[in-house]
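Colleague: In order, the protein sequence lines correspond to chains A and B. In this note's numbering, each residue's number is its place in the first sequence (first place is 1) plus 78. In this note's numbering, each residue's number is its place in the second sequence (first place is 1) plus 78.
To be clear, the hints were calculated from the coordinates, so they are not data collected in a lab. Where hints are given, some of them may not hold.
To be verified - Straight-line C-alpha distance at most 27 Å; calculated BS3-like pairs for lysine-lysine: (1) A:K415 <-> B:K89; (2) B:K215 <-> B:K327; (3) B:K327 <-> A:K152; (4) B:K152 <-> B:K215; (5) B:K422 <-> B:K449; (6) A:K390 <-> B:K415; (7) A:K89 <-> B:K415; (8) B:K89 <-> A:K152; (9) B:K422 <-> A:K89; (10) A:K390 <-> B:K152; (11) A:K373 <-> B:K215; (12) A:K297 <-> A:K449; (13) B:K215 <-> A:K422; (14) A:K415 <-> A:K425; (15) B:K152 <-> A:K352; (16) B:K152 <-> A:K152; (17) B:K89 <-> A:K352; (18) A:K390 <-> B:K145; (19) A:K415 <-> B:K152; (20) B:K415 <-> B:K449; (21) B:K89 <-> A:K422; (22) A:K89 <-> B:K215; (23) B:K415 <-> A:K80; (24) A:K152 <-> B:K373; (25) A:K152 <-> B:K422; (26) B:K352 <-> A:K89; (27) B:K390 <-> A:K145; (28) B:K89 <-> A:K390.
Number of protein chains: 2
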Amino acid sequence: MKIVCSQSDLKTNLSLVSRAVPSRPTHPVLGNVLFQTDVETQRITLTAFDLSLGLQTSFPASVSETKTFTLPAKLLNDIVTRLPEGEITLLGMEDEEEEEENFTATLVSASGRFRLRGMSAEEFPSLPEISTTEALKVPVEALIDGLSSTLFAASAEEAKQVLTGIHLTRKEDSLEFAATDGHRLAVLDTTTEGIEGATEGFAVTIPARALRELERMIKTQKEGAVVNLLCDEVQVAFELDSQRLTSRKLEGAYPAYDQLIPNQFSKQVTLERKQLLNSLELVAVLADQQNNVVKFSIDDDNQQLSLSVDAKEVGSATESIAAQITGESIDIAFNVKYLMDGLKAFKGNEIQMQLNEASQPIIFTPLGGLKMTYLVMPVQLRD
Amino acid sequence: MKIVCSQSDLKTNLSLVSRAVPSRPTHPVLGNVLFQTDVETQRITLTAFDLSLGLQTSFPASVSETKTFTLPAKLLNDIVTRLPEGEITLLGMEDEEEEEENFTATLVSASGRFRLRGMSAEEFPSLPEISTTEALKVPVEALIDGLSSTLFAASAEEAKQVLTGIHLTRKEDSLEFAATDGHRLAVLDTTTEGIEGATEGFAVTIPARALRELERMIKTQKEGAVVNLLCDEVQVAFELDSQRLTSRKLEGAYPAYDQLIPNQFSKQVTLERKQLLNSLELVAVLADQQNNVVKFSIDDDNQQLSLSVDAKEVGSATESIAAQITGESIDIAFNVKYLMDGLKAFKGNEIQMQLNEASQPIIFTPLGGLKMTYLVMPVQLRD
Numbered sequence: 079m080k081i082v083c084s085q086s087d088l089k090t091n092l093s094l095v096s097r098a099v100p101s102r103p104t105h106p107v108l109g110n111v112l113f114q115t116d117v118e119t120q121r122i123t124l125t126a127f128d129l130s131l132g133l134q135t136s137f138p139a140s141v142s143e144t145k146t147f148t149l150p151a152k153l154l155n156d157i158v159t160r161l162p163e164g165e166i167t168l169l170g171m172e173d174e175e176e177e178e179e180n181f182t183a184t185l186v187s188a189s190g191r192f193r194l195r196g197m198s199a200e201e202f203p204s205l206p207e208i209s210t211t212e213a214l215k216v217p218v219e220a221l222i223d224g225l226s227s228t229l230f231a232a233s234a235e236e237a238k239q240v241l242t243g244i245h246l247t248r249k250e251d252s253l254e255f256a257a258t259d260g261h262r263l264a265v266l267d268t269t270t271e272g273i274e275g276a277t278e279g280f281a282v283t284i285p286a287r288a289l290r291e292l293e294r295m296i297k298t299q300k301e302g303a304v305v306n307l308l309c310d311e312v313q314v315a316f317e318l319d320s321q322r323l324t325s326r327k328l329e330g331a332y333p334a335y336d337q338l339i340p341n342q343f344s345k346q347v348t349l350e351r352k353q354l355l356n357s358l359e360l361v362a363v364l365a366d367q368q369n370n371v372v373k374f375s376i377d378d379d380n381q382q383l384s385l386s387v388d389a390k391e392v393g394s395a396t397e398s399i400a401a402q403i404t405g406e407s408i409d410i411a412f413n414v415k416y417l418m419d420g421l422k423a424f425k426g427n428e429i430q431m432q433l434n435e436a437s438q439p440i441i442f443t444p445l446g447g448l449k450m451t452y453l454v455m456p457v458q459l460r461d
Numbered sequence: 079m080k081i082v083c084s085q086s087d088l089k090t091n092l093s094l095v096s097r098a099v100p101s102r103p104t105h106p107v108l109g110n111v112l113f114q115t116d117v118e119t120q121r122i123t124l125t126a127f128d129l130s131l132g133l134q135t136s137f138p139a140s141v142s143e144t145k146t147f148t149l150p151a152k153l154l155n156d157i158v159t160r161l162p163e164g165e166i167t168l169l170g171m172e173d174e175e176e177e178e179e180n181f182t183a184t185l186v187s188a189s190g191r192f193r194l195r196g197m198s199a200e201e202f203p204s205l206p207e208i209s210t211t212e213a214l215k216v217p218v219e220a221l222i223d224g225l226s227s228t229l230f231a232a233s234a235e236e237a238k239q240v241l242t243g244i245h246l247t248r249k250e251d252s253l254e255f256a257a258t259d260g261h262r263l264a265v266l267d268t269t270t271e272g273i274e275g276a277t278e279g280f281a282v283t284i285p286a287r288a289l290r291e292l293e294r295m296i297k298t299q300k301e302g303a304v305v306n307l308l309c310d311e312v313q314v315a316f317e318l319d320s321q322r323l324t325s326r327k328l329e330g331a332y333p334a335y336d337q338l339i340p341n342q343f344s345k346q347v348t349l350e351r352k353q354l355l356n357s358l359e360l361v362a363v364l365a366d367q368q369n370n371v372v373k374f375s376i377d378d379d380n381q382q383l384s385l386s387v388d389a390k391e392v393g394s395a396t397e398s399i400a401a402q403i404t405g406e407s408i409d410i411a412f413n414v415k416y417l418m419d420g421l422k423a424f425k426g427n428e429i430q431m432q433l434n435e436a437s438q439p440i441i442f443t444p445l446g447g448l449k450m451t452y453l454v455m456p457v458q459l460r461d
């Protein structure tokens, strides 16, 4: 068997699928990448799969026969990234002297040869097939907006189950993305046209880890590209041209987050996002020493928002920002990290904060641009 | 007390001295930076000292009185780097209500105020004074050449004592830098004019850790600057303008490394450094799986150097490079990491390798440019 391909194609595609190779594989073959060559289409398909997340991609190559085999992902990736640009030849042969499952590939470059021991493709688990052909079509821009506005708010604790995912809901003309870890909630309703398929009310929760890989995969796509989302009872698949990402769904009811967002607010503050973010980053240096708590003093009389941190033994910090304030003055406290996470995910500059009492959630929304809502639960002020 | 200075001056100088603040101070005051304000010179001097490495620097400021105090280095650095450019005001006051050693500074910026609790300067240990006025004068370029050509070869194991340092020897018109960890040796004899002071044969061993900080400190200096090196029985100090670095010396006899370098060689190989480095980086991927051993096959007949790695179960790699070879063909093996370290520190492209037998050291030298010698001990080939 002989394959000839470009170093840059092999490098790009290997590094893409390598993200689904577990660092400590439960079975040796999962540390490998599956190669499928097709003599008719003259393409190579690469697959990696950690039994939860699967990544598949294909690219053109000169291929002498239709064949499947696996090679160690990390080693191959480390070699190919270091090879000079140009043609790479991959020669494969069954190791007939030893057991049948042994397969050896020789990679030939301009200045050297690398012999790598692979494993039979038979042991490599198949990527899940999705038993539906009805796809939800989502333009790449909408998907990027949705993911970048919510992924940061998903829980990182495995035990929190559905909260480790992003919840997607099909609305009349849009797709709504939501993430919450119980302390804050980020919701984005897409504004991009071109979302098609799936009936209103269709909903699915997908692990944030898989969606971070999806975000990485689609970031380099050209404008106007459309991703197909396929779902069955257990699995989801995202398809875009020759790339495919599969993941198990997260089971269990997602919180009815709409009910968390108040309908009415007694106070409203309009201010510059970057100025607020800079001030938060400054007082965070001291908040870091004191449970990350920052106090907001919203001063209606002076039309000023003051942020303050009292880190007892260490010191204290105060920052003041001019703001347009309506409603009575109030003191309310938050975890400074939650605020910074959300403000970094916003895009435009002017934002609005809406709130009621010091024990009730605050809502951040951008003025203009995306339809994003970021809710943060306050913490109790200790005096 | 009132100090007014620019954010950029305070930031630059704080981040410079902060490198001598221990991450886990044995005494709380060592986690602080010493401020010394001088009303006559209108300057602030900053000092940090971990009892081995000391760093001191000064810069102009508007200063209301001559005073010494200390402030927590990390917190202050984190705040100052996040402040916008412009003027910073530092107000200080003794905390009279509490014990005498309490000192509080208030940092005032355009949008906020930070109160930080400091400590009395009395507890801060003095930087060592060097009991000599005779300095060895070394142009910055010579110092940078010497350090960048040898620092990588010093031992990282504390137990290796003198081998954790760089050995400096005053030659007739130059300064020789040497470092060895017992497996390889790097020597640079400066070629820059302008080295003055100290008698021929003067030698000192200085901890690599202090010299890495010196390298960082002088990297941004303008061409033509000259560093003063002062030495007494126990300490060394490097002085450049308003900056000062002190370190204890390493005690004990430094190995007579000159005797390790053979006078005669039976084989010589001339080749391109970058090509050799690229090939080493490629085969290192597999060598990493097998004790880092790479075999050099120097082939006089074909005027070719082949690098090979046999990582048994995993695979194997061969790279070939054209080279000008004199002397009989030979196989000799090395730790691939030692070779890569050295070749990265060389500057020009063409290099020469000189060697005798497979059990004897190999010497790398650049053709043209710096007077650098890099010796690597071979490892035994197992067949």
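Colleague: Holds or violated: A:K297 with A:K449, Cα cutoff 27 Å?
Modeller: Roughly 21 Å separates the two Cα atoms, so the pair holds.
Colleague: Would you mind confirming whether the straight-line C-alpha gap from B:K352 to A:K89 stays at or under 27 Å?
Modeller: Given that 27 Å is the threshold and the Cα spacing comes to 21 Å, the pair holds.
Colleague: Is the hinted pair A:K89 and B:K415 satisfied, with a Cα-Cα distance of at most 27 Å?
Modeller: It holds: about 24 Å lies between the C-alpha atoms, which stays within 27 Å.
Colleague: Against the 27 Å threshold, does the CA-CA distance of B:K89 and A:K422 hold or violate the hint?
Modeller: With a Cα-Cα distance of about 24 Å, the restraint between B:K89 and A:K422 holds, given a limit of 27 Å.
Colleague: Check whether the Cα positions of A:K152 and B:K373 lie no farther apart than 27 Å.
Modeller: holds (23 Å)
Colleague: Could you grab the alpha-carbon distance between B:K215 and B:K327 and see if it respects the 27 Å cut-off?
Modeller: holds (18 Å)
Colleague: Quick one, are B:K89 and A:K352 close enough, alpha carbons at most 27 Å?
Modeller: holds (22 Å)
Colleague: So if I understand the rule, the pair passes when the alpha-carbon distance is 27 Å or less; does B:K390 with A:K145 pass?
Modeller: With a Cα-Cα distance of about 25 Å, the restraint between B:K390 and A:K145 holds, given a limit of 27 Å.
Colleague: Could you grab the alpha-carbon distance between A:K415 and A:K425 and see if it respects the 27 Å cut-off?
Modeller: At roughly 18 Å apart (the allowed maximum being 27 Å), A:K425 and A:K415 satisfy the hint.
Colleague: Holds or violated: A:K373 with B:K215, Cα cutoff 27 Å?
Modeller: This hinted pair is violated, its Cα atoms lying about 55 Å apart.
Colleague: Is B:K89 close enough to A:K390, meaning Cα to Cα at most 27 Å?
Modeller: The given pair, whose Cα atoms are some 25 Å apart, holds under the 27 Å limit.
Colleague: Check the hint pairing B:K422 with B:K449 against an upper bound of 27 Å on the C-alpha distance.
Modeller: holds (15 Å)
Violation of the numbered hints given earlier is confined to hints 3, 4, 6, 8, 11, 13, 16, 22 and 23; the remaining hints are satisfied by the structure.
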